[in-house]
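So the sequence lines, in the order shown, correspond to chains Z and Y. Residue 482 in numbering that gives the first Met the number 0 is what sits at position 483 of the first sequence, and the numbering runs on without skipping anything. Residue 284 in numbering that gives the first Met the number 0 is what sits at position 285 of the second sequence, and the numbering runs on without skipping anything.
Note that these hints are calculated values from the structure, not bench results. Built from N, CA and C at the ideal position, the CB exists for glycine as well. Treat the hints with caution; some may be incorrect.
[Unchecked claim] Quick partial rundown of chain Y residues pointing at chain Z, CB under 8 Å, derived from the structure:
(1) 70
(2) 71
(3) 142
(4) 143
(5) 146
(6) 153
(7) 154
(8) 165
(9) 168
(10) 169
(11) 172
(12) 179
(13) 187
(14) 358
(15) 359
(16) 431
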Amino acid sequence: MNYPDIIALLPLIITGVTAVLVLIEIGAFRNHRATVVLTLIGLALAFAALAVSWPLAPRQVTPLLRIDRFAVFYIGLLLAAAFAVVMLSARYWDRRGGRREESYPLLLLAVLGAGILVANTHFASFFLGLELLSVSLYALIAYQYTRVQSVEAGIKYLVLAGMSSAFLLFGMALAYAATGTMSLAGLLAGATNPAVPALPFYGGLGLIIAGISFKLALVPFHFWTPDIYQGAPAPITAFIATVSKGAIFALLLRYFIPLGVLHVTPLYLIFVILSILSMFIGNLLALRERNLKRLLAYSSIAHMGYLLVAFLAGGQLAVTAVTFYLLAYFITTLGAFGVVSELSGREEDAELLDDYRGLAWRHPWMAGVLTASLFSLAGIPLTVGFFGKFYLLAAGVDARLWFLVILLVISSAIGLVYYLRVVFALYGSPEDPLATGLVITPAHRPAFPYLGGIVLAALAALLLWLGLYPAPAIRVIEIIARSLF
Amino acid sequence: MILVWLMLIPIIGGVLAWIFARWSLRLTHWISLAAMAAVLGLALGIWGQHWDGVNLSSHGVWLLMLDKPWIPRLGIRFLLAMDGISLLLVLLTGAVGLLAVAASWYIVEKREGFFYFMLLWSFGAIVGVFLALDLFLFYFLWELMIVPLYFLIALWGNENRRYAAIKFFIFTQVGGLFLLLATLGLYFAHGRLTGVYTFDYFQLLGTTMAPALAFWLMLGFFFAFIVKLPAVPVHPWLPDAHTQAPVAGSVDLAGLVLKVGAYGLLRFTIPLFPQTALAFAPAAMVLAVISIYYGAILAFAQTDLKRLIAYTSISHMGFVLLGIFAWNTLSLQGALLIVISHGITTSALFILAGVIARRIHESRSMDRMGGFWPVMPHVAGSGSFFAIAALGLPGFGNFIGEILVLFGAFAVSPVFAILATGGFVLSVIYALRILQRVFFGPLTNPVEPRDMTGLETVLMGASMAVILWLGLYPQSVLNRTESAVLNLQRIVHRAMPTAPATPAAFTGEKEAPHELP
Numbered sequence: 000m001n002y003p004d005i006i007a008l009l010p011l012i013i014t015g016v017t018a019v020l021v022l023i024e025i026g027a028f029r030n031h032r033a034t035v036v037l038t039l040i041g042l043a044l045a046f047a048a049l050a051v052s053w054p055l056a057p058r059q060v061t062p063l064l065r066i067d068r069f070a071v072f073y074i075g076l077l078l079a080a081a082f083a084v085v086m087l088s089a090r091y092w093d094r095r096g097g098r099r100e101e102s103y104p105l106l107l108l109a110v111l112g113a114g115i116l117v118a119n120t121h122f123a124s125f126f127l128g129l130e131l132l133s134v135s136l137y138a139l140i141a142y143q144y145t146r147v148q149s150v151e152a153g154i155k156y157l158v159l160a161g162m163s164s165a166f167l168l169f170g171m172a173l174a175y176a177a178t179g180t181m182s183l184a185g186l187l188a189g190a191t192n193p194a195v196p197a198l199p200f201y202g203g204l205g206l207i208i209a210g211i212s213f214k215l216a217l218v219p220f221h222f223w224t225p226d227i228y229q230g231a232p233a234p235i236t237a238f239i240a241t242v243s244k245g246a247i248f249a250l251l252l253r254y255f256i257p258l259g260v261l262h263v264t265p266l267y268l269i270f271v272i273l274s275i276l277s278m279f280i281g282n283l284l285a286l287r288e289r290n291l292k293r294l295l296a297y298s299s300i301a302h303m304g305y306l307l308v309a310f311l312a313g314g315q316l317a318v319t320a321v322t323f324y325l326l327a328y329f330i331t332t333l334g335a336f337g338v339v340s341e342l343s344g345r346e347e348d349a350e351l352l353d354d355y356r357g358l359a360w361r362h363p364w365m366a367g368v369l370t371a372s373l374f375s376l377a378g379i380p381l382t383v384g385f386f387g388k389f390y391l392l393a394a395g396v397d398a399r400l401w402f403l404v405i406l407l408v409i410s411s412a413i414g415l416v417y418y419l420r421v422v423f424a425l426y427g428s429p430e431d432p433l434a435t436g437l438v439i440t441p442a443h444r445p446a447f448p449y450l451g452g453i454v455l456a457a458l459a460a461l462l463l464w465l466g467l468y469p470a471p472a473i474r475v476i477e478i479i480a481r482s483l484f
Numbered sequence: 000m001i002l003v004w005l006m007l008i009p010i011i012g013g014v015l016a017w018i019f020a021r022w023s024l025r026l027t028h029w030i031s032l033a034a035m036a037a038v039l040g041l042a043l044g045i046w047g048q049h050w051d052g053v054n055l056s057s058h059g060v061w062l063l064m065l066d067k068p069w070i071p072r073l074g075i076r077f078l079l080a081m082d083g084i085s086l087l088l089v090l091l092t093g094a095v096g097l098l099a100v101a102a103s104w105y106i107v108e109k110r111e112g113f114f115y116f117m118l119l120w121s122f123g124a125i126v127g128v129f130l131a132l133d134l135f136l137f138y139f140l141w142e143l144m145i146v147p148l149y150f151l152i153a154l155w156g157n158e159n160r161r162y163a164a165i166k167f168f169i170f171t172q173v174g175g176l177f178l179l180l181a182t183l184g185l186y187f188a189h190g191r192l193t194g195v196y197t198f199d200y201f202q203l204l205g206t207t208m209a210p211a212l213a214f215w216l217m218l219g220f221f222f223a224f225i226v227k228l229p230a231v232p233v234h235p236w237l238p239d240a241h242t243q244a245p246v247a248g249s250v251d252l253a254g255l256v257l258k259v260g261a262y263g264l265l266r267f268t269i270p271l272f273p274q275t276a277l278a279f280a281p282a283a284m285v286l287a288v289i290s291i292y293y294g295a296i297l298a299f300a301q302t303d304l305k306r307l308i309a310y311t312s313i314s315h316m317g318f319v320l321l322g323i324f325a326w327n328t329l330s331l332q333g334a335l336l337i338v339i340s341h342g343i344t345t346s347a348l349f350i351l352a353g354v355i356a357r358r359i360h361e362s363r364s365m366d367r368m369g370g371f372w373p374v375m376p377h378v379a380g381s382g383s384f385f386a387i388a389a390l391g392l393p394g395f396g397n398f399i400g401e402i403l404v405l406f407g408a409f410a411v412s413p414v415f416a417i418l419a420t421g422g423f424v425l426s427v428i429y430a431l432r433i434l435q436r437v438f439f440g441p442l443t444n445p446v447e448p449r450d451m452t453g454l455e456t457v458l459m460g461a462s463m464a465v466i467l468w469l470g471l472y473p474q475s476v477l478n479r480t481e482s483a484v485l486n487l488q489r490i491v492h493r494a495m496p497t498a499p500a501t502p503a504a505f506t507g508e509k510e511a512p513h514e515l516p
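So here's chain Y without its partners, still in its complex pose (with noise of 0.2 Å):
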């Protein structure tokens, strides 16, 4: 039942907050508060139950699991599990969630009640999205987390929210549709094959098709996988989306939706059709480097500081891309590494972006920027902090998430390593180029002279603790996701015709990611 609480919680919360709203404000900031604490309380429950890392031979890797009836009908099951994947990335919700709406409080100026009903219900479905293993469970979760995002960019979004809100919900309704017809094919498929129609992940694992039927059911899980990632050629919707959208959206966008499209190309895309999949791979690396290359070389041609970050979202997702396909145990650690520090660092990011804005009168123009240090020292620090986080710089979670993509990639193919490894250049051009045009020379432009609020100092302090965690001590993530990322790579292997090309101890069959240097 745990399970559907945390999905739970932030609907309810969603709800009642709304309701309240009529009365007092404040009520409904606390219930927002509240409801997305108990999410990240309750992860981290069940994460200090596991704390000495998950022993696959009491447990096995589901560290819950919930299952009951919805449509028997058509197979359709109200399927829930969590193994260390999903849990880090619940965790990670919980956390985004706690940054969006304390970083809401002062900003949300009209309708808040249906704000912040709006932001909940969005974190609950993507709660859902990581925890559902029925496909159609899921293929639901996905297409609901869509409206609300839809409405807090259309409703409180910038100037050129209406654009930016229908482009966003129509790419990602058609990849998600084209989901759709994927999963149904999978499920026409196994039913023809076994008489079984199901939805069920683990019935659905392993279902022997035609190869060319697999390569076009797999092509339509990647893309509506990479659409929300997002990787290039589908992207579009990214810069406009996160820039019209308010400060709580951009912060729901980039550390939690890009993250649902890492997650469904790491349990479903390769893990359903592994030996399709695998055989792409090289395919989709050569995404994953373009989108390195072109995410970092477009985010320094911005002047608009939110549009400047979700470009370089692009090029860390490109990262993750590039993990998920090298598919060794090394790479997949990588890539959760980059998911959860690029969410943490990127919503920081983006709040900081707001708490700029709205010192000089709600611009994100760069121009109108320049040497803020002296005027608001505490946000200047907390800029460089995760400018340079973001940047890859050793000590900090972002570097080692990458570091590990590279060492995992390299295994299995040195070019596409080395190419991406240049994308480690481009990214300390634009970092800089934050830092330097935003807080160095000398103040040019009219600014309020406030400095951070003690709300906004507590909530950086916190997101820059986290960071640093996960760049010193990241042993205590990994032990915890490896059992799940060694299952995902037991299912692949299982359907491997033969050993894989790459040597042992890459697959993480034989040694640890920990006793590596």
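Same shape as in the complex, but just chain Z (with noise of 0.2 Å):
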């Protein structure tokens, strides 16, 4: 490893020495307001520091890590969408008091898993990158100690998770039985290369999609969603949305895009069923649900049948397309899961639809917030969302997938049922006697009076802004789809 590699990695180095640093603060003096000031800058200069790296890539750091740039372009989204947790969090916790401060540097620990999963060429490095996200996920799941539904929620991931990694190393080792190789390259050239056994190379990499799938909630690998999309505290909620499942979409495109996941009918077949199943059981699910959190793990089995769509379709539009749709898809689910964290309370998590009913006279902005999350997830004009769903087909169309992408379109007019139903809600009447009348509760000593309020304009103004103007959004993710071919 020489001088290049470590400024090409800088900014995943960045993230772990800022993960020990906070570590140390806390040792010295736990201070919530100092931890969480020493993360934001740790998170800001990693992205920082992504400018330094964007120019030497592609470069392969180690047989493990190829930074090129569409690591490049994921490892900023995911810091970027960790940074936006984390001054959720700030808030989050500012109400439930406690000892807060070592979810920080699990956050980051996490952020640099999922940065790892998102560069890795190697199997060693994919595993690596996997368990340093799940096990930090398992902790900060549970992280509420005192609140039974997260401490279940976290053991529940724990068991699945666990067996998930079990299929995973089981199929690596079928594929390295096959091929003799544990990089992606070798695994490229099995896959071409008639010698190479094919019952246990395709069943290999079966056992990885299942592994994967489970981590992408998709069905039938769905069980855990909900449970854990209630159970975790809300911006950890968010993170799990956004940033776990980001990063293994990304590492499935590197992997099975080049791949050339259309030409091998099983494996095609595979990725079709599962993309059928989440889309149709992921809406179908969300419409009986009386819970936001669990509507919104619903819902999120839905999105990942759709990008799976897109993903099918192959070739550089599906990279862009998935791109784009999981850069709109951060920035709604951030923004959705914002509101909920912004209006949790000293005990509970605003969760239940009645909490949210006649919202909109009570909290205009946060209401709007949201109703600009659920529109955008369903796809609605002037929203980010829609240029995603417009990708999504885009790219559906020109594989001519067209029996998948009129599912698509027959699913979403199922999930518009239930977004519709909250934004109802929202709007509803605030003397409807099942509303709740919740309202933001202040925090003790508020140490971070703005910080939320200022994350969810973020959002709200970059999911308007795309959802207007895409153009330079657009331009990026063609360059950086282009470093996977």
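Assemble the dimeric complex from its two separately framed chains, guided by the hints.
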């Protein structure tokens, strides 16, 4: 490893170093405000370091990591999302009190793991990144150990994620047995090499897909999602929904798009089935949900199904479409969970639909952000989600996946029902007997009085701006999509 | 830039109306009214410039055009253009918008600022839909139009508003997504053929593709537009949405949203897929005839006044569908005239239904009406005027439109024309039933004996003048739309492998409509 390698890795290194520094700071003197500030500075520096890595890309740093433009973009996206999550957490933990400082180094480690995932080109770094992300998440989900739901969710995630890791490892072992290599390049060579035995190779890939599907919560690997979304503290839920899933999807793009999944019928069929099941079951299960966090969990299942449609299209347009959609999804989901997090009280998260009845007349700006987010999830114009959905359909139509795009259209019509139900509740009469009349809880001693508002305003502005003029984002994403080919 | 202003004035007006509602409701009302008056005024100004009809040789059919890049990577442009048809429909938007704003003056009692914001944004989007000629921009505005209407129904609607609002949203959204799929299909087909990936309407015209693909894409466009029109069997959203919406929402829906469907068929479905669409015309005309009868018969069975008016819209839109798919100068001009007169007539009827409802404790049930003529003579007089206009009596705009459609359709298919004529009989029945149930007979139910307010009188008077003008001197409208209609026909004609079977007189190539009796 030489000097340029270190420069290329600088964003990841800074993230890791910040985690250590924050731990030392907590050990020396426990102070929530200092921890938050230090974490934010670290993330901001890591983000700034991307500018240094960008000119070096593409660069293979050890056999484990490849810092190309694709990786740089995704690391930037993850860091930005983490930045927003930390700001939301600061407000959230301000209200909760208790020992809250350790959640920040855990968040930093999780981002580091996610960053390794999007840059990995080797099974070793794949597994390392995944476990770093997962193990941090076990602790983060169960962080509020006084809440039963939180602990339950943590244990559930631990057991199921452990199982999925086992699938993944076995799949890797099979692929290794078939090709004799653990690197992505070797895997790609194996896909075209007739000497490689097909059954263990594709069987191994199938098991890896199962492991990935678990992390993405694709049906039928989705059972953990609603409970964990509900049980985890609201900012952590936002983190799982964005950073964790986004990193895994980036990995899916890096491994399976160059592999040409479209040409291998069994793998292709697996993805088609996962996609259709996720779209429909996710949307149908959300229909009867009366808990906003669980509703968004089911909706996220459906959205991962939508993403698979574009993914199946293959080629550069698919990478562009998926990346743009993920960008849109990050902004939107952070906005939605940001509102949930801001409204959460000292004891419980604001998660019941009844909490949100008539919110528009109590907190018009909060309701406005949530409305924009829900419309963005539904793909309505003037929001970034509109262009996201447009891109997905464009990729699907370009690859002539008519059957899948029509199913996408039908299932997103089902999705509309529950998004509109929430919107209807938001603007419902304040005298509704079901309404709990939830209002924002003031913190004991607010360390960061405006932080939540700033985050939400920025996210809403981004959501609308990209919904009106996405051209610059599209230009960047097209550049980074090219680096995978 | 004037095209952008036509869109922006309602949008900015809506924001201002919302902001000022905090301090002064009166100001909110006047801002909203002024915004729509400005749209109407601008459109009338353009209309006045082309008083002698649009001259093809000097101007081309496009009166105004604006073309700016928007998302160049995807070939998406901000392309607005106005020909005689768009102008007429923008004019209608201004007029109906003015009616809707004025009709809400005393009715909306909660969250007025937000109400006018949503109302004006829906008009802004609708103006945009009539002007957009980049297919992506069109789809964008098409979808944008739904959101304010959803809020109008969901927040200010009647007792069953949630159901109606979600139903409306889902029907139109599914239609919209199929429109998007078809647009994308066309985009990629054109891109693969020519190497130019664009959503530009002018470039996409005349794209050649496999007949099977063309058929499915045409069906996507057709489906999206008949959902909005609506035609049987994709109409179920309409009765609920119209009935549950507040007065301004019903006016908006009936006066404009349905017309957007007609406009889409006219502007996109047939010109983009000429051969396939015209081969498909018999099927569309069957749907049209079914809609004419279905709407009329169901209208007859209603006891809810607003629901009755809603069903008559389905019937009238059946004539529009018939006229568009007959595709000759007469029938197209007729369809446009129906669009305009139906927009005004139905808006007026919905406003009157609102006026009556306020006198009988917000009821729409015709069982609680009857014998209102002596109690509110002006309401009754206007109601009779518009009911008779709707049934298609000569002298009113609706009559000219429907008769032109029937003339045009007869040239293409006498069977459909004769069948559709039966719709006239049914429309007489339901229109007279409104009069008898609401205004005539003994006064048996309690009613607040109050006639129209001054404002309502002005609205009704102006609407009556327009309908009479259209009925007595339709030539003034036909002159302006003629060149645009001829241009659309030329586009389609060029794409046909052989000359059409219809006589030249009816395709309008030689003979203009005003030379016919």
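Task: Hint check, failures only - done: As far as the earlier hints go, 14, 15 and 16 are violated by this structure, in ascending order.
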